[in-house]
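The task is simple: from the sequences and hints, build the whole structure.
There are 2 protein chains.
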Amino acid sequence: MAKLPLADWHPGLSVDCVIFGFHNGALKVLLLQMQGMDKWALPGGFVRKAEDVDEAAVRVLEERTGLKEIFLEQYRLFGQAGRSTTEHARVLHQNGWLDEEDLAWFQQRFVSAGYYALVEYSKVSAPRADYFSSACEWWPLERLPDLMLDHSSLLDAALAALRLHLNHKPVGLSLLPEQFTMPELQQLYEAILGKSLDRRNFQRRMLGYGILCRTGERRRGGAHKAPWLYEFEEEAYEQALQSGLGSTW
Amino acid sequence: MAKLPLADWHPGLSVDCVIFGFHNGALKVLLLQMQGMDKWALPGGFVRKAEDVDEAAVRVLEERTGLKEIFLEQYRLFGQAGRSTTEHARVLHQNGWLDEEDLAWFQQRFVSAGYYALVEYSKVSAPRADYFSSACEWWPLERLPDLMLDHSSLLDAALAALRLHLNHKPVGLSLLPEQFTMPELQQLYEAILGKSLDRRNFQRRMLGYGILCRTGERRRGGAHKAPWLYEFEEEAYEQALQSGLGSTW
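Read top to bottom, the protein sequences are chains A and B.
So my numbering is basically just the index in the first sequence, starting at one, shifted up by 34.
So my numbering is basically just the index in the second sequence, starting at one, shifted up by 34.
Think of the hints as simulated: they come from the structure by calculation, not from any bench.
One should not assume that every hint holds.
Note that identical chains are pooled: a pair holds if it fits in a single copy or bridges any two copies.
For lysine-lysine, the following BS3-like pairs were computed, each having C-alpha atoms within a straight-line distance of at most 30 Å [said to hold, decoys possible]:
(1) K62 - K203
(2) K73 - K157
(3) K102 - K62
(4) K229 - K83
(5) K102 - K259
(6) K203 - K83
(7) K157 - K62
(8) K157 - K229
(9) K102 - K157
(10) K102 - K203
(11) K203 - K73
(12) K73 - K259
(13) K62 - K83
(14) K203 - K157
(15) K203 - K229
(16) K259 - K83
(17) K73 - K229
(18) K62 - K73
The structure presented is a predicted model; accordingly, all values stated were derived computationally and were not measured.
The structure is reproduced here in structure tokens:
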């Protein structure tokens, strides 16, 4: 039985993590399948009374992916009164995964802090399911399974937040190899935005941010003219993460 | 005594509202003074179990200002484990504003959802203190009193969120008169950003957003050449609130 030491946990509060994985130009999302159900769920968990909510999200991310020190951003508290239905708790209880006291805990009203992360998913050797789940898998955004609760809105809102993020903060560090070409960087932006971008405008805008350094070398081996290799200027990149990209007021 | 029907409220959860007031080119913030204390606080409250967290914030805003249908944005959940110190609860208890049971409620660990609003403060006829407060007043940002708990970080983070907002969403509707000049709009942006902007760049960028319509009339009576009057194109403005301003990807 999953006997939680209930007194140690903050009542009515959970975290849910939308973990976007990028690899080979495609964006996927990490989902768990609930024990005894067809429905899938975002990786999530409860918050210890002695723990920052941000720490709880870091813990969930690490438990599922083994990854630490990943860019993880809180994007919204989901607090609708009717959001925490208890169908999954009844199923878990019927199948012996929750005892009576745990069931009462699961049947409280929960508000949930939404976090999103962006990881290079080839670095996640084996995503791990939690106690309440039978599987943990990457799913492509354009072909998602049925999600429980309001997790489908949580996911949509995370994607919208990530897209907005592209307008004022840099992305790419730890997602791309140390040296990359402009087309590879553009592919990352296109995967997140879900649309094609104009090559010349993209290059002009990215160079205008002042966070890229051209190495002086070219990627060899392609059919086209060999493209220049770039690196992030880490100091300027960190600065832009703090204070925003150049096009802000 | 302030006997709260405690069973009706979501445990360990509050909302705090950073209400920015704009008037005559200056930005202020609405604060409450706690009963029996020198310290001031952001207007806030608890969340009913049957109430959306967003609804609780709307209720707090209306209770303090009398204003409804104000742009109110949730910007972050504040969830640090050590944030909810209980000094104010002890003072309220000692002075007879909280009985024993209420004191225990106030001494829980609380996480708080931060919201910010931007209002034309001449429309707030008389800001109203709540039960736990002795005063409710507008304070200029550059001369704030001592704030309780982590309310000073909540306020800083709200201002940062509002400034970021300027980069991708329009502001001004309901803050400026129906018709306004470009210098008046610039003054609003400068008050929020806390810095001067270049007149020509500001005008070019604002017109580029496509949310303004020049009325064909000019403001009379100034010492300088009479400036054009503008209005917001409400449909384009609403569209930009939904999908972001033109400079987004």
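Copy assignment of K62 with K73, given that the CA separation must stay at most 30 Å: within (18 Å within a copy, 48 Å between copies)
Intra- versus inter-copy proximity for K229 and K157 (alpha-carbon distance at most 30 Å): within (25 Å within a copy, 44 Å between copies)
Copy assignment of K203 with K229, given that the CA separation must stay at most 30 Å: Both ways: K203 and K229 sit 19 Å apart in one copy and 21 Å across, limit 30 Å.
Status of K203 relative to K62 across identical chains (alpha carbons, at most 30 Å): Close inside one copy (21 Å) and across copies (28 Å); limit 30 Å.
Homo-oligomer pair classification [K83, K203; C-alpha up to 30 Å]: So K203 and K83 fail the 30 Å test inside a copy (32 Å) and across (36 Å) alike.
Homomeric proximity label, K62 with K83: Cα distance no greater than 30 Å: neither (32 Å within a copy, 35 Å between copies)
Intra- versus inter-copy proximity for K157 and K73 (alpha-carbon distance at most 30 Å): Classified as within; 26 Å inside a copy, 49 Å across copies.
Identical-chain pair category, K259 with K83, by Cα at 30 Å: neither (58 Å within a copy, 63 Å between copies)
Homo-oligomer pair classification [K203, K102; C-alpha up to 30 Å]: Within one copy only: 21 Å inside a chain, 33 Å across chains, cut-off 30 Å.
Within, between, both or neither: K102, K259 at alpha-carbon 30 Å: For K102 and K259, the Cα distance exceeds 30 Å both inside one copy (38 Å) and across copies (60 Å).
Alpha-carbon proximity between K203 and K73, which holds within one copy, between copies, both or neither at 30 Å: neither (34 Å within a copy, 36 Å between copies)
Same-copy or cross-copy closeness of K203 to K157 [CA-CA at most 30 Å]: The answer is within: 23 Å in one copy meets 30 Å, while 36 Å across copies does not.
Checked against the numbered hints given earlier, this structure breaks hints 4, 5, 6, 11, 12, 13 and 16; the rest are met.
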